[in-house]
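Peer 1: Here is what each chain is made of, one letter per residue.
Protein chains: 2
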Amino acid sequence: VSNGAGEFELIDWFRRRAQPHSRLSVGIGDDAAVLTWLRSNEALVTVDMLMQGVHFTIPPATLPQVGRKALAVNLSDIAAMGGRPIAAVVALALPRTHSVAAEFAGAASGDSIGRGLFEGIDELADQFDVAVAGGDTNSWDGPLVVCVTVLGEVAGHGPIRRSDAQVGDWIFVTGSFGGSLAGKHLTFEPRVREALVLQQQIALHAMTDVSDGLSQDLYHILEESSVGAVVFEEAIPISDAAHMASDGRTPLEHALEDGEDFELLFTVAPQDGRQLVTNPPFETKLTWIGEIVAGSGCQLRDRLGRLSLLPRRGWEHSL
Amino acid sequence: VSNGAGEFELIDWFRRRAQPHSRLSVGIGDDAAVLTWLRSNEALVTVDMLMQGVHFTIPPATLPQVGRKALAVNLSDIAAMGGRPIAAVVALALPRTHSVAAEFAGAASGDSIGRGLFEGIDELADQFDVAVAGGDTNSWDGPLVVCVTVLGEVAGHGPIRRSDAQVGDWIFVTGSFGGSLAGKHLTFEPRVREALVLQQQIALHAMTDVSDGLSQDLYHILEESSVGAVVFEEAIPISDAAHMASDGRTPLEHALEDGEDFELLFTVAPQDGRQLVTNPPFETKLTWIGEIVAGSGCQLRDRLGRLSLLPRRGWEHSL
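Protein chains in written order, with the working numbering: chain A, 39 to 357; chain B, 39 to 357.
If you are wondering where the hints come from, they were derived from the structure by calculation, not from laboratory data. Treat each hint with caution, since some may be false.
Stated by the list, open to error - So the derived label-pair ranges between C-beta atoms look like this:
no.	chain 1	residue 1	chain 2	residue 2	range
1	B	Asp50	A	Gly221	29 to 39 angstroms
2	A	Arg54	B	Leu347	24 to 34 angstroms
3	A	Leu345	B	Arg53	30 to 40 angstroms
4	B	Thr95	A	Ala332	52 to 62 angstroms
5	B	Pro98	A	Glu261	37 to 47 angstroms
6	A	Gly221	B	Thr95	37 to 47 angstroms
7	B	Asp50	A	Ala307	25 to 35 angstroms
8	A	Arg54	B	Val235	35 to 45 angstroms
9	A	Pro98	B	Ser284	31 to 41 angstroms
Since we're looking at a predicted model, the values are computed, not measured. Cβ coordinates follow ideal geometry from the N, Cα and C atoms, glycine included.
Given the sequences, and given the hints that come with them, work out the whole structure.
Peer 2: Spelled out as structure tokens, the structure:
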């Protein structure tokens with residue numbers, strides 16, 4: 039039973055702030071959002087839940103950064119399917135006034151937490167022309183939880199799965215890896231445009247985004263495709279943050295295992311690979327890091343040609 | 039960084055258990071799910087987050103009941119738009135082994151909590167031919183959070199909004215109201231089939247589902263449509279649970295204010311209303327409870343014809 043102000047005021051605020059979008063015929067404020075779905079016979083859908091204390095802490099993260107990340111990780115998933123994001127819905131568990139979690143969020147009320155999150159969501163949504171279509175607003179005495187679902191359309195040659203890597207394929211990655219928790223996990227650019235350019239210019243075989251760690255996510259592709267791989271150790275693009283870490287693990291280990299890089303990892307036929315190496319299709323760094331081989335598992339090949347098993351390590355929630 | 043078993047094992051279990059669906063070309067286990075979207079140019083999308091201690095407690099709720107409810111509330115929203123649900127994605131925050139929340143869930147681990155939830159989700163999804171398309175699995179030391187997003191297609195005359203009530207319309211509800219927390223909120227049947235039958239047989243004007251309370255949700259329709267209403271006090275269908283409550287509030291107050299009834303509340307032109315009264319289109323109880331009038335606000339009319347203002351009370355999250 040209600041106390042008058044609260045949830046509905048915040049929803050009204052979202053509704054006034056949310057920008058109109060050509061694909062959105064019913065937005066925030068009804069039982070469900072209505073999207074026009076003209077260009078494609080297929081719909082992509084992905085969801086990610088971010089929890090305070092697990093995926094972010096405030097500080098160092100700000101509320102707009104948390105909102106931005108909650109949308110960005112989903113845009114990264116749509117990019118990883120080779121798709122175009124269209125719309126997002128946002129479900130919130132907001133810490134109630136005076137709760138410990140609200141205090142850590144640096145906000146006096148769930149209302150101001152909601153508005154702070156929306157700023158980051160809305161800015162990124164605008165940047166990628168994504169409609170903020172609706173959501174669900176709740177409050178409790180627990181930590182902040184933000185759950186974003188994104189719908190997308192299939193582009194180019196259709197959805198790019200993890201299971202279509204072929205023996206002989208070249209393996210590529212965008213960007214660099216490791217040490218994301220030092221900052222990149224809050225500010226990364228989801229590789230939506232890069233994925234759409236790749237869809238236009240070549241025939242992508244398998245693709246995923248690196249969220250669990252380069253090693254872990256490569257193993258996902260290998261297992262789904264029933265193939266193996268050789269990765270060129272010296273080719274792995276290692277981020278500055280991985281070089282700066284001083285916890286006893288090498289920069290390479292950070293690059294292979296840290297996760298939350300949100301870069302694209304994909305395979306293409308050798309002729310397409312040569313084209314990408316010769317004529318990089320965008321400014322974002324693109325690196326040829328290995329080859330798909332018959333069999334299973336992944337070998338790391340060093341400068342001297344020696345092979346060792348790539349350890350499968352990365353982020354996984356223990357249950 | 040991972041400890042080996044955990045999240046991925048549970049996801050594999052979901053993947054093996056999830057049933058194939060004609061509309062699902064890529065299901066659990068890739069970056070995003072892919073749905074075929076042939077019949078309609080419009081997509082409906084709705085999301086609801088259920089939090090342990092707010093929307094359910096365990097006990098008395100069981101894990102399958104919680105999973106079922108998390109899907110059912112979304113099916114109710116799709117029904118309220120006059121749509122047909124197609125697919126669901128599920129994001130989970132699972133209490134970690136030995137956490138207090140896990141203990142209250144009566145489960146030894148997040149893994150068994152996930153499986154328990156899935157049972158209830160899967161059974162209801164199967165009943166309404168909804169594809170369980172994917173999700174996101176996380177664990178923490180906090181309470182259980184279940185966030186379900188449902189996609190649907192528009193049926194019949196298109197999406198039924200809250201804003202299309204017309205002066206002179208008759209107001210109808212399915213089912214009966216009040217006391218839902220005594221049990222119905224965990225076991226209700228979302229009115230999907232009823233909404234689709236109504237779409238076929240008549241021209242629905244405004245519709246919503248009653249989640250916040252009959253009074254509150256009727257006010258939502260009135261405000262969105264810029265109209266008023268007169269509700270016939272003696273016509274309000276009051277549930278047995280509302281009659282059995284003994285907290286000093288009358289059964290009528292329970293029926294008008296309790297919320298979580300998940301019944302349809304809709305308006306139609308008088309000639310369609312007469313048809314519904316004369317030839318009820320389904321076995322589910324259908325009651326003519328009032329009329330839309332010019333102006334604003336809602337009057338309650340008693341047996342003697344006396345009018346009083348219907349208090350706007352119901353569920354709202356205070357922030």
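Peer 1: Does 30 to 40 angstroms hold as the CB distance between Leu345(A) and Arg53(B), or does it fail?
Peer 2: Roughly 32 angstroms apart at Cβ, these two residues keep to the hinted range, so it holds.
Peer 1: Just to be sure I understand the hint, the distance between the Cβ atoms of Thr95(B) and Ala332(A) should be within 52 to 62 angstroms; is that true here?
Peer 2: About 54 angstroms separates the Cβ atoms of Thr95(B) and Ala332(A), which means 52 to 62 angstroms holds.
Peer 1: Could you tell me whether the CB distance from Gly221(A) to Thr95(B) stays inside 37 to 47 angstroms?
Peer 2: The hinted range 37 to 47 angstroms holds for Gly221(A) and Thr95(B), with Cβ atoms some 39 angstroms apart.
Peer 1: Could you see if the CB distance from Asp50(B) to Gly221(A) stays within 29 to 39 angstroms?
Peer 2: The hinted range 29 to 39 angstroms holds for Asp50(B) and Gly221(A), with Cβ atoms some 33 angstroms apart.
Peer 1: With 37 to 47 angstroms as the target window, see if Pro98(B) and Glu261(A) comply at their CB atoms.
Peer 2: holds (42 angstroms)
Peer 1: Between the beta carbons of Pro98(A) and Ser284(B), is the distance compatible with 31 to 41 angstroms?
Peer 2: Violated - the Cβ-Cβ distance for Pro98(A) and Ser284(B), about 52 angstroms, lies outside 31 to 41 angstroms.
Peer 1: Starting from the range 24 to 34 angstroms, see whether the pair Arg54(A) and Leu347(B) falls in it by beta-carbon distance.
Peer 2: holds (28 angstroms)
Peer 1: Starting from the range 35 to 45 angstroms, see whether the pair Arg54(A) and Val235(B) falls in it by beta-carbon distance.
Peer 2: holds (36 angstroms)
Peer 1: Taking 25 to 35 angstroms as the hint, is the beta-carbon distance of Asp50(B) and Ala307(A) inside that range?
Peer 2: holds (30 angstroms)
Consistency with the previously given hints fails for number 9 only.
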